[in-house]
Each structure stands twice: as C-alpha cells, then as structure tokens.
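Peer 1: Produce the complete structure using the sequences and hints provided.
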Amino acid sequence: MTTGTLAPPAGGLRTRALWISAAAALLAAALLAGLLVGAAGIGPGEVLLQAADWLPLVSADSGLTPVERNLLWELRLPRVLLAAVVGGLLAVAGAGYQGVFRNPLADPYLLGAAAGAGLTVTVVIVLVGGDAGSAAVPVAAFAGAVGGVLMAYALGATASRTGGGTATLVLAGVAVTSFLTAIQTFVQQLGVEELQRIYAWILGDVGGGWGELRLAAPYAALAAVVMLLHGRMLDVLSVGDDEAVSLGVRAARVRLAVLLAASLATAAAVAVSGLIAFVGIVVPHVVRRLAGGSYRIVLPLSLIGGGAFLVLADAVARTVLAPAELPIGVVTAFVGAPFFVFVLRVTRGTAT
Amino acid sequence: MTEVRARSLTVALDGREVLSGVDLDAPAGGWLAVIGPNGAGKSTLLRALAGLLPVEGRVLIDGEDAGALPPRRRARLVAYAPQTPALPPDMSVFDYALLGRTPYISYFGRESRHDREVTAGVLDRLDLTPLAARPLARLSGGERQRVVLARALAQQAPVLLLDEPTTALDLGHQQQVLELVDRLRRADGLTVIATLHDLNLAAQYADAMMLLSGGRAAASGAPAEVLTEHLISGHFGAEVKVEPGPDGSPQVHLVRGAR
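Protein chains in written order, with full-length UniProt numbering: chain A, 1 to 352; chain B, 1 to 259.
Possibly wrong hints are sitting among the right ones.
Said to hold, decoys possible - Stretch by stretch, here's where chain B covers chain A in the computed footprint (C-beta under 8 Å, at least three residues):
1. 76-88
2. 230-238
3. 246-259
If you're looking for bench data, these hints aren't it; they were derived computationally from the structure.
Virtual Cβ for every residue (Gly too), placed ideally from N, Cα, C.
Peer 2: Written as structure tokens, this is what we have:
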C-alpha cells in the first residue's frame with residue numbers, strides 16, 4: 001500500500017473525542033445550572049459547595065440548613081438528573097429511528113409509542129383514578145409504549161409480504177397511532193373531570209424523584225449501550241439495504257436490534273416523564289449539522305446533547321413563571337424551534 | 001482468480017418468476033457482460049448472484065455453494081455495485097469507501113489501521129485521493145461512479161458485480177470507467193460480471209456475453225456469437241446491422257426503414 005496518501009485516519013477519531021468532550025462539558029454546565037435555579041432562593045455558592053460535598057471523596061461545608069439540603073437532594077438533584085436521562089434517551093432514540101428508517105422526520109413516537117402510552121395512562125387515570133392510579137402511571141406508560149410499538153411492528157410485518165419494508169412499517173405506525181389515539185380520546189371523554197391530569201401528563205413533566213430515576217435506569221442503560229454499539233452498523237445501513245447485505249451485514253437484524261433499543265429508550269423516557277415533544281427530532285439534527293452525519297458521532301452526541309437540552313429546558317420551565325411551572329413540553333418546542341431554525345441557518349452549507 | 005457459475009437459477013419476486021432456470025458461467029479473471037432488453041431480469045440476475053434475493057438453484061463461487069456461505073464470507077468473495085447506489089449526501093468519500101471494509105470488521109468492531117490503509121490505497125489508485133474529504137453530495141457523475149467502484153474495490157473481493165456502471169455518464173466518462181474496470185481486472189485478476197445496456201461497449205470490453213430475455217438465458221458465448229442480427233432483432237425487436245468495428249469486436253448499428 002502506498003504510504004503518505006492522505007488518509008484522514010486518526011483525524012476522525014480526534015474530532016469525535018473533541019466533540020464528545022465539548023458535549024460532556026455542556027451537559028455538566030447544564031446540570032449545575034439546573035441545580036442552581038429554583039424557587040427556594042438558595043444562593044449559588046451554597047449549592048455549588050453542596051454539590052461538591054455530594055461527590056465521592058470530597059467534603060465541603062455548604063452551611064445549608066437540613067431542610068435546604070433535603071430540598072436539594074430530594075427535589076432538585078433527582079429532577080435535573082431525570083431531565084438529563086429523559087432528554088438523552090429521547091434524542092438517542094430519535095437518532096436511532098432516523099437511521100433505521102433513513103428518514104430525517106422520524107421521531108421516537110413514530111411507531112405508536114406515544115399513542116400507546118397515552119391510551120394506557122388515560123385508562124389508568126380515568127378508570128382507576130386516585131393515588132392507586134398515580135402510582136400505576138409509569139408502569140402503564142411503559143407497557144403502553146412498548147405495546148404500541150409491537151402493534152405497529154406486527155401490523156407492518158403482516159402487511160409487507162417481502163418483510164422488512166420500512167415504508168410499510170412507518171404507515172403501520174401511523175395507523176396504530178390514529179387507532180389508539182381514537183380510543184384514548186373516547187376514554188378521556190368518559191372522565192372529563194380528569195382532563196387536567198391527563199393533559200399534565202401528556203405535556204410532560206420531569207419532576208419525579210429518585211424512584212422514577214431508579215425505575216428508568218436499567219432500561220435506559222441497556223437501551224443506550226445497545227444503541228451506541230450500533231453506530232457503525234447504522235452507517236452501513238445508510239447506503240441502503242442491498243449494499244449493506246452485499247457487505248455481509250444482516251440488515252434486517254440490525255434494524256430490529258436498533259428499533260427495539262430505541263423503542264425501549266422511548267418507553268423508559270415516556271414512563272417517567274410523559275410525552276415531551278421536539279427533543280427526539282431536533283437534537284439529532286442539530287448534532288448532525290454541527291458534527292457530521294456519521295452515526296458513530298450522532299448517537300453519542302445526541303445522548304449527551306439531548307440530556308443537556310432537556311435540563312436547560314426544565315430550568316427555563318421552572319423560572320419564567322416562578323413559582324409556577326410551565327409544562328416542559330411547551331418549553332422544548334418554544335425554545336427548541338427558534339434554536340433549530342438558527343442552526344439550520346448558520347449551517348446552510350451542509351446538505352442534510 | 002475465482003470463477004462464478006450458476007445452475008438453473010430461478011427467482012420469483014412477489015410470486016412472479018423473474019428468472020427461470022438460468023445457467024451462467026463466468027470464467028475466472030474474465031469479463032462477462034449480461035445484455036438483454038428492458039425487464040429481461042438483468043439486475044435481478046446480478047442481485048441473485050450477490051446473494052440479495054432468495055433463489056432456487058445454485059450459485060457456485062469457485063465450486064462452493066454461495067447460498068451456504070455465511071454473509072460476511074460471501075461478502076469477501078463478491079462485491080456488488082447497484083445501478084443507483086444510495087449515497088448519503090454528507091458522508092465523505094473516504095468514509096464511504098471505508099464501508100467496503102465491513103466484511104472484515106466484527107459486528108461491534110471498528111476499522112483497523114490496515115482497513116484505513118487499504119482504503120487509502122484504493123482511493124489513490126482511482127485518483128480519488130484529492131477528494132477523500134469531500135462529501136458525496138458534491139461529486140460529479142463520473143466521480144460518483146469511481147467512488148462507488150472504490151467502495152467495491154476496498155472490499156478486496158475477487159468477483160465484481162456491476163449493475164449498469166455507465167448509466168448517466170457521458171461518452172468520455174463511460175469509456176474512462178470501463179477502461180478503469182478493465183485495468184483493475186487485469187491487474188488484480190478480478191472476475192467481472194456487468195450488466196450493460198450499450199451493446200457496443202459490452203462487445204468492446206467483455207470476453208464473454210450472455211443474452212437474457214424474458215428471464216431466460218437466450219444465448220451465451222463470445223460477443224460475436226451473441227451479437228448476431230438474428231438474435232438482436234428477435235429479442236430486442238430492433239432492426240440492426242452488425243459489423244466488425246475498428247478493434248474487431250462486433251458493433252451493432254440501428255437501421256431505419258427496412259420494414
């Protein structure tokens with residue numbers, strides 16, 4: 001082989017490491033900002049000291065009262081962490097769906113996860129109600145999200161004779177979504193007095209505690225690892241199924257693995273936070289515009305960047321109308337849409 | 001060098017038989033051109049040889065039943081370039097060509113230094129090195145075809161399946177691409193099987209030819225045996241005259257007003 005030819009070998013790796021470090025720094029800053037912001041009026045210095053004290057092997061005296069410390073530990077910390085986890089999951093799931101369907105408009109809710117979860121949560125709130133109902137919401141949401149995706153998948157598999165047709169699968173997702181949404185609307189009409197609770201859930205909320213975090217963590221970890229491991233495979237799929245197969249890749253199997261992982265990520269996020277729009281579709285695109293289209297960079301950056309984005313969105317949601325809170329889904333769209341337009345404009349040269 | 005044979009290859013798509021009992025022989029290190037009218041099943045034949053379709057009958061690569069090979073091993077033997085390859089617009093030329101190394105990388109693995117060197121070497125051979133960092137969206141038609149070829153060559157497979165490598169290229173680029181394929185074939189001892197709709201180009205480059213018509217092999221042999229006025233008017237429904245060209249290969253001319 002000729003040496004001295006221009007191969008951008010290490011260069012790709014180095015820029016990847018650079019981007020990931022930058023994103024990680026952004027996430028860390030976002031987490032700190034999320035901790036600092038809040039209705040209780042604790043000074044930033046004290047919060048920083050307290051945060052340092054929580055780190056292993058570090059002890060610092062923040063001078064906070066036990067009540068304040070408790071508030072930080074039981075409310076703010078789990079809240080920012082939950083926002084980071086949910087944002088990361090939704091963004092990485094969106095990137096995965098976009099890769100599998102080779103469609104830039106794919107989002108985590110494409111295959112009926114949102115409609116499924118919406119239906120089961122509505123059923124639980126309306127028919128069970130009360131505290132028992134509230135306790136069952138995360139489980140119901142998880143089951144509904146998984147069920148919706150499985151329905152779409154089963155329908156898509158029976159509808160396409162040749163198997164694995166992604167367009168058929170998307171259409172199946174559309175059909176399942178409208179079907180389940182119709183039932184959801186019907187059930188909702190049976191319990192109009194619960195409308196506010198249903199809507200609060202649909203608009204999304206990351207105000208859970210450690211319990212919600214623990215609930216989502218195993219699925220989040222599994223889904224994220226599986227997705228990140230498939231970055232190179234998604235790059236191969238991006239040249240089309242025929243060529244991927246001719247390169248020795250079992251395209252259908254890769255697609256199924258990524259779809260399952262992305263759906264699991266979505267279900268885990270939906271279970272603990274409701275339906276938060278916009279993160280899953282916009283973050284991967286912003287990442288793609290800034291750092292290039294390879295899924296080996298898009299997936300990890302979406303995971304980290306999505307986390308940072310949602311933590312910041314939540315901080316905004318908690319402050320603009322303080323002490324009242326805006327639904328986080330409203331903020332993601334309100335802040336996200338102009339930001340997206342901005343990124344589209346400044347990176348006009350890139351073709352995506 | 002590797003020979004490719006197919007025995008009574010039958011392919012049904014959506015219940016319709018597209019290929020029926022096709023026998024094919026591509027001698028090792030040779031160039032087999034598959035010709036035939038539109039819808040004859042040329043692309044299907046190539047996709048079947050590449051292992052992209054469920055088939056009846058057998059594909060033999062150096063005597064080994066290709067259907068029984070694991071996908072990655074098969075991919076190290078046969079490289080395939082489709083007629084209209086999907087080119088992700090913002091992927092760089094280097095990264096695209098590097099995908100050709102996929103059969104050598106484990107499922108969760110990453111490219112080795114060797115893979116990058118092989119890819120860089122292929123780009124160098126095809127004079128693509130100056131374009132290595134360029135996104136695929138910013139290539140001309142001829143460059144695009146060379147990049148697709150680079151990906152297939154990075155696969156280092158002894159058999160190269162090319163589906164209409166010259167469509168959408170102008171005269172000069174058609175010649176350049178086919179000359180390049182021929183040079184590489186001779187240098188590396190590749191076995192080339194290409195569908196070509198231009199019969200004259202096919203006659204100039206191929207040393208064996210197969211006429212596919214209605215999913216069946218209507219004729220095969222040396223270009224002069226396949227490109228006869230009788231066979232062409234029978235299967236293409238065209239009035240033609242065949243004469244030896246300047247290089248001795250049969251050249252097909254359309255004739256007006258004979259009917």
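Peer 1: For every hint, state whether the structure bears it out.
Peer 2: To see whether the hints hold, each was checked on the structure:
Figure legend: the segment 76-88 of chain A, annotated as covered by chain B; annotation inconsistent (0 residues with Cβ-Cβ distances under 8 Å, at least 3 required). Check result for the segment 230-238 of chain A against chain B: holds, 5 residues qualifying (beta carbon to beta carbon below 8 Å, three or more required). Coverage of the segment 246-259 of chain A by chain B holds [criterion: at least 3 residues with CB-CB distance below 8 Å; count 5].
Of the numbered hints given earlier, the model fails hint 1 alone.
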